[in-house]
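**Q** Model the full assembly from the supplied sequences, consistent with the hints where possible.
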Amino acid sequence: MSVTLPDERPEALARGIGLVCRDLSFSYATGDGATPALSGVGLALPAGGSLAVIGPSGSGKSTLLQVVRGLDRPDGGAVVLDGVEPGAPRYAELQRATGLVFQMPEVQLFAATAREDVAFGPRRLGWTEAAVSAAVNEAMELVGLPEVSFGGRHPYSLSGGEARRLALAGVLAMRPRLLLLDEPFVGLDPASRRDLVAILERLRDDGVTLVLVTHDVDLAWRLCDRRLVLADGRVVAEGPWAFAPADLDLLAANRLRAPLLVELWRRLGHPPEDAPRTIEAAAEALA
Amino acid sequence: MRATIGQYYPGSSIVHRLDPRAKFVAVSALAVALFVRDSFAGLGVFAIAAAIAFGLSGVPPAWFWRAFRPLLWLVGLTFLAQVLFAPGEPFLSLGPLHLTWSGLETAAYLSLRLAVLVLIGSVLTLTTAPMALTDGLVWLGRPLRRIGVPTHEMALIVTIALRFIPTLLSEVDTIMRAQRARGVDFRSGGLVQRVRNLQPVLVPLFVVSFRRADELALAMEARCYRPGAPRTRLYPLRAGRADAVFLALTVAIIAAGLLV
Chain A
1 MSVTLPDERP EALARGIGLV CRDLSFSYAT GDGATPALSG VGLALPAGGS LAVIGPSGSG
61 KSTLLQVVRG LDRPDGGAVV LDGVEPGAPR YAELQRATGL VFQMPEVQLF AATAREDVAF
121 GPRRLGWTEA AVSAAVNEAM ELVGLPEVSF GGRHPYSLSG GEARRLALAG VLAMRPRLLL
181 LDEPFVGLDP ASRRDLVAIL ERLRDDGVTL VLVTHDVDLA WRLCDRRLVL ADGRVVAEGP
241 WAFAPADLDL LAANRLRAPL LVELWRRLGH PPEDAPRTIE AAAEALA
Chain B
1 MRATIGQYYP GSSIVHRLDP RAKFVAVSAL AVALFVRDSF AGLGVFAIAA AIAFGLSGVP
61 PAWFWRAFRP LLWLVGLTFL AQVLFAPGEP FLSLGPLHLT WSGLETAAYL SLRLAVLVLI
121 GSVLTLTTAP MALTDGLVWL GRPLRRIGVP THEMALIVTI ALRFIPTLLS EVDTIMRAQR
181 ARGVDFRSGG LVQRVRNLQP VLVPLFVVSF RRADELALAM EARCYRPGAP RTRLYPLRAG
241 RADAVFLALT VAIIAAGLLV
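In the order they appear, the protein sequences are chains A and B.
Going by this note's numbering, the first residue of the first sequence is number 1, and it counts up by one from there.
Going by this note's numbering, the first residue of the second sequence is number 1, and it counts up by one from there.
One or more hints might be untrue.
What the hints assert, rightly or not - Pairwise CB distance ranges, derived in the manner of DEER restraints: (1) Arg187(B) with Thr113(A): 50 to 58 Å; (2) Leu137(B) with Asp75(A): 41 to 49 Å; (3) Glu153(B) with Asp249(A): 52 to 60 Å.
Calculated from the structure, these hints are not laboratory results.
Beta carbons are placed, not taken as given, at the ideal position from N, Cα and C, and that holds for glycine.
**A** Now the structure itself:
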């Protein structure tokens with residue numbers, strides 16, 4: 001990510017945003033009452049950290065992201081951004097610097113050109129046209145859809161993987177410093193997955209705090225240094241990855257498994273926590 | 001959003017178990033009788049019958065209230081319009097407004113009629129699953145089929161529409177959330193801004209809907225759906241003794257209401 005472009009982001013946000021969830025609870029109103037989706041969820045993620053939220057379907061992973069982004073108001077508890085409590089003067093600004101990439105985000109593309117769609121968010125932030133256009137160019141470049149060749153394309157003329165990356169660019173153009181992603185790899189072909197992984201690695205290395213909801217434990221292991229296991233809206237494990245027998249049982253009990261590289265390391269007799277994050281690193285270690 | 005859609009209240013009361021055709025016919029006949037009859041005694045009979053049907057349905061009054069509340073405006077406005085603009089000898093004049101006994105009476109009739117109509121209509125929709133109601137209507141529309149009206153296809157359209165209302169609402173919810181996350185504020189701004197805010201919602205919604213429709217059509221063809229082909233049902237409608245008793249009772253109630 002180039003840093004020479006005009007940036008209207010306050011200096012304080014130039015790094016990642018730390019995230020603390022304190023005792024979050026949330027219920028969906030249903031016909032005759034409320035269905036609890038989150039109960040007493042707590043987590044702490046330092047600025048620039050990366051957290052994989054894993055757990056079976058219906059465990060509250062997506063709801064957690066919605067609540068963290070402020071689209072759903074928690075019934076109890078608080079989402080603390082960079083140490084700032086909700087309601088404090090700087091909170092809204094931090095919330096605006098929190099990007100949420102929805103499941104199948106390409107469904108939400110609506111503008112007549114790719115450029116216009118990516119520019120939508122920055123314009124909403126009230127940036128000058130110069131800043132908007134710089135942010136659009138930067139975001140489109142970052143996701144591998146350079147503005148010069150893709151800017152004028154109609155969003156619906158893009159391939160599935162390209163549309164997914166364009167939708168991601170629409171969020172990245174708002175320069176989020178905490179990025180929440182809901183199942184970003186679903187439905188992508190292997191090449192598109194690899195592209196997306198590379199983009200997320202660049203963002204992470206750039207200091208953006210990442211929260212990744214996924215069923216793919218291998219990509220979770222590759223991209224995130226911590227993990228949160230949710231089951232029935234409750235946290236059953238939170239912190240750095242751990243693969244003691246009890247941890248493996250816990251993963252299995254929640255319809256998950258250890259990442260393949262971790263399993264390989266364990267079977268080779270190495271400490272599983274030392275397992276490499278990528279195939280390349282594994283090949284190097286084994287050579 | 002995740003609202004409960006439609007007004008069906010699942011249950012197994014005696015009213016729920018009646019044949020949808022019998023219920024539909026009874027409600028239609030009562031609706032006609034309601035507007036034919038011009039006496040409080042007659043309307044009272046219908047109101048009491050409707051209240052009993054409602055009581056037997058086991059539907060919590062809160063559900064009925066939910067169906068009724070949006071129509072309160074209509075009832076209120078009708079009442080006011082009748083009271084204020086009916087001709088006759090005024091017994092009270094406030095500036096340009098004249099209250100007449102006949103106006104008051106017509107207003108009371110009309111409001112009572114509307115209220116009873118909403119009540120019996122609600123009993124029908126609250127106790128009959130949309131699918132059963134559609135099936136019943138198709139059966140009742142069979143004579144139209146002979147003159148070339150595609151009743152089955154129309155029923156299919158209604159069924160699919162009903163089936164997709166919750167899906168589309170949840171789609172709207174997701175799209176609105178996504179655009180809110182991109183800075184759209186749907187709750188503030190002038191009328192023009194609010195209408196403009198709909199564009200990022202409506203465009204994706206249309207695209208998704210057309211894609212869904214296309215997929216559904218393909219899936220139906222893949223399962224050998226052929227428009228106009230004769231259909232069979234897994235659960236054919238079966239009217240029983242209870243329905244005969246119910247219809248006889250309805251006739252009796254209508255007769256009583258028209259004669260008292």
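**Q** Look at each hint and say if it fits the structure.
**A** Here is what the structure says about each hint:
1. Against the hinted window of 50 to 58 Å, the Cβ-Cβ separation of Arg187(B) and Thr113(A) comes to about 28 Å, which falls outside the hint.
2. Separation of Leu137(B) from Asp75(A) is about 42 Å and conforms to the stated range, judged on CB atoms against 41 to 49 Å.
3. At roughly 55 Å, the beta-carbon separation of Glu153(B) and Asp249(A) lies within the given 52 to 60 Å, and the hint holds.
Checked against the numbered hints above, the structure breaks only hint 1 and satisfies the rest.
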